[in-house]
Amino acid sequence: MQMPQGNPLLLSHSLQELLARDTVQVELIPEKKGLFLKHVEYEVSSQRFKSSVYRRYNDFVVFQEMLLHKFPYRMVPALPPKRMLGADREFIEARRRALKRFVNLVARHPLFSEDVVLKLFLSFSGSDVQNKLKESAQCVGDEFMNCKLATRAKVFF
Numbered sequence: 001m002q003m004p005q006g007n008p009l010l011l012s013h014s015l016q017e018l019l020a021r022d023t024v025q026v027e028l029i030p031e032k033k034g035l036f037l038k039h040v041e042y043e044v045s046s047q048r049f050k051s052s053v054y055r056r057y058n059d060f061v062v063f064q065e066m067l068l069h070k071f072p073y074r075m076v077p078a079l080p081p082k083r084m085l086g087a088d089r090e091f092i093e094a095r096r097r098a099l100k101r102f103v104n105l106v107a108r109h110p111l112f113s114e115d116v117v118l119k120l121f122l123s124f125s126g127s128d129v130q131n132k133l134k135e136s137a138q139c140v141g142d143e144f145m146n147c148k149l150a151t152r153a154k155v156f157f
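The sequence shown lines up with residues 1 to 157 when you count with the UniProt record's numbering.
Keep in mind that the hints were calculated from the coordinates and are not lab data.
Where is the CB? At the ideal position from N, CA and C, for every residue including glycine.
Take the hints with a grain of salt, since some may be wrong.
Here are the computed distance ranges between Cβ atoms for each label pair [claimed, not checked]:
1) 134 with 43: 19 to 25 Å
2) 75 with 30: 33 to 39 Å
3) 131 with 38: 22 to 28 Å
4) 91 with 123: 27 to 33 Å
5) 58 with 31: 15 to 21 Å
6) 128 with 38: 35 to 41 Å
7) 82 with 105: 14 to 20 Å
8) 126 with 31: 19 to 25 Å
Subject to a maximum C-alpha distance of 27 Å in a straight line, what follows is the list of computed BS3-like cross-link-like pairs (lysine-lysine) [claimed, not checked]:
9) 134 with 38
10) 134 with 100
11) 100 with 50
12) 82 with 132
13) 132 with 50
14) 38 with 132
15) 119 with 50
16) 132 with 100
17) 82 with 38
18) 100 with 82
19) 119 with 134
20) 119 with 82
21) 100 with 38
22) 50 with 134
23) 82 with 134
24) 100 with 119
25) 132 with 119
Kindly generate the complete structure, drawing on both the sequences and the hints.
This is the structure we're talking about:
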């Protein structure tokens with residue numbers, strides 16, 4: 001992944017360019033899964049990767065954690081809250097909309113959109129997506145350790 005070089009005070013992408021990067025849909029799977037502990041699943045579809053995968057809320061949590069691990073100096077969007085008991089339809093629908101907003105913000109971000117963690121989250125169809133995300137984030141250090149500009153800046157301090 002190559003960091004953009006240029007004037008950091010100027011925007012390097014227009015709104016139309018960012019919106020065109022990807023459109024991700026997050027739809028609720030109607031029935032709750034699980035034998036004893038019921039959980040909600042979402043179908044996450046990406047136009048860019050031409051994929052449709054099933055994700056649980058905890059998959060979104062691990063995805064966000066891996067972004068925070070790889071990009072500790074960036075503002076990663078917040079996830080909606082997880083309600084343990086008594087999740088009614090209104091809450092579940094509000095959370096679905098918030099998850100859709102979260103994943104679209106990440107998918108359209110100039111840096112996050114080019115990262116392997118996003119591609120795995122949106123296209124990996126195996127059942128162990130959380131482990132796959134963690135493995136991919138372990139392979140490399142954080143953004144500061146990998147950025148050419150940052151490694152040169154360390155000499156001055």
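Verification of the hints:
Our hint of 19 to 25 Å for residue 134 and residue 43 holds, since their Cβ atoms are close to 23 Å apart. The hint said 33 to 39 Å for the Cβ distance between residue 75 and residue 30, and at roughly 34 Å that hint holds. Range check, residue 131 to residue 38: about 23 Å between beta-carbon atoms, so the 22 to 28 Å window is met. Between residue 91 and residue 123 the CB atoms are about 29 Å apart, so this pair conforms to the stated range of 27 to 33 Å.
For the pair residue 58 and residue 31, the supplied restraint of 15 to 21 Å holds, since their beta-carbon distance comes to about 18 Å. About 21 Å separates the C-beta atoms of residue 128 and residue 38, a value inconsistent with the hinted range of 35 to 41 Å. Our hint of 14 to 20 Å for residue 82 and residue 105 holds, since their Cβ atoms are close to 19 Å apart. The hint said 19 to 25 Å for the Cβ distance between residue 126 and residue 31, and at roughly 21 Å that hint holds.
Among the hinted pairs, residue 134 with residue 38 is consistent with the structure: their alpha-carbon atoms are about 25 Å apart, no more than 27 Å. For the hint linking residue 134 to residue 100, the alpha-carbon distance of about 22 Å falls within 27 Å, and the restraint holds. Of the supplied pair hints, the one linking residue 100 and residue 50 holds, its CA atoms being roughly 17 Å apart against a limit of 27 Å. Straight-line distance between C-alpha atoms of residue 82 and residue 132 comes to about 22 Å, which keeps the hinted pair within the 27 Å bound.
Between the alpha carbons of residue 132 and residue 50 the distance comes to roughly 20 Å, so the proposed pair stays at or under 27 Å and holds. The suggested pairing of residue 38 with residue 132 holds, with an alpha-carbon distance near 24 Å, which does not exceed 27 Å. A hinted pair counts as satisfied when its Cα atoms are at most 27 Å apart, and residue 119 with residue 50 qualifies at roughly 11 Å. The suggested pairing of residue 132 with residue 100 holds, with an alpha-carbon distance near 21 Å, which does not exceed 27 Å.
Restraint check for residue 82 and residue 38: the C-alpha separation of about 14 Å stays at or below 27 Å, so the hint holds. This hinted pair checks out: residue 100 and residue 82 have alpha carbons roughly 15 Å apart, not beyond 27 Å. For the hint linking residue 119 to residue 134, the alpha-carbon distance of about 13 Å falls within 27 Å, and the restraint holds. With a C-alpha separation of about 24 Å, the suggested pair residue 119 and residue 82 falls inside the 27 Å cut-off, and the hint holds.
Restraint check for residue 100 and residue 38: satisfied, since their Cα atoms lie roughly 21 Å apart, inside the 27 Å limit. Proposed proximity of residue 50 and residue 134 is supported: the alpha carbons are some 23 Å apart, at most 27 Å. A hinted pair counts as satisfied when its Cα atoms are at most 27 Å apart, and residue 82 with residue 134 qualifies at roughly 21 Å. Restraint check for residue 100 and residue 119: the C-alpha separation of about 16 Å stays at or below 27 Å, so the hint holds.
For the proposed pair residue 132 and residue 119, the alpha carbon gap of about 11 Å is at most 27 Å, so the pair holds.
Checked against the numbered hints above, the structure breaks only hint 6 and satisfies the rest.
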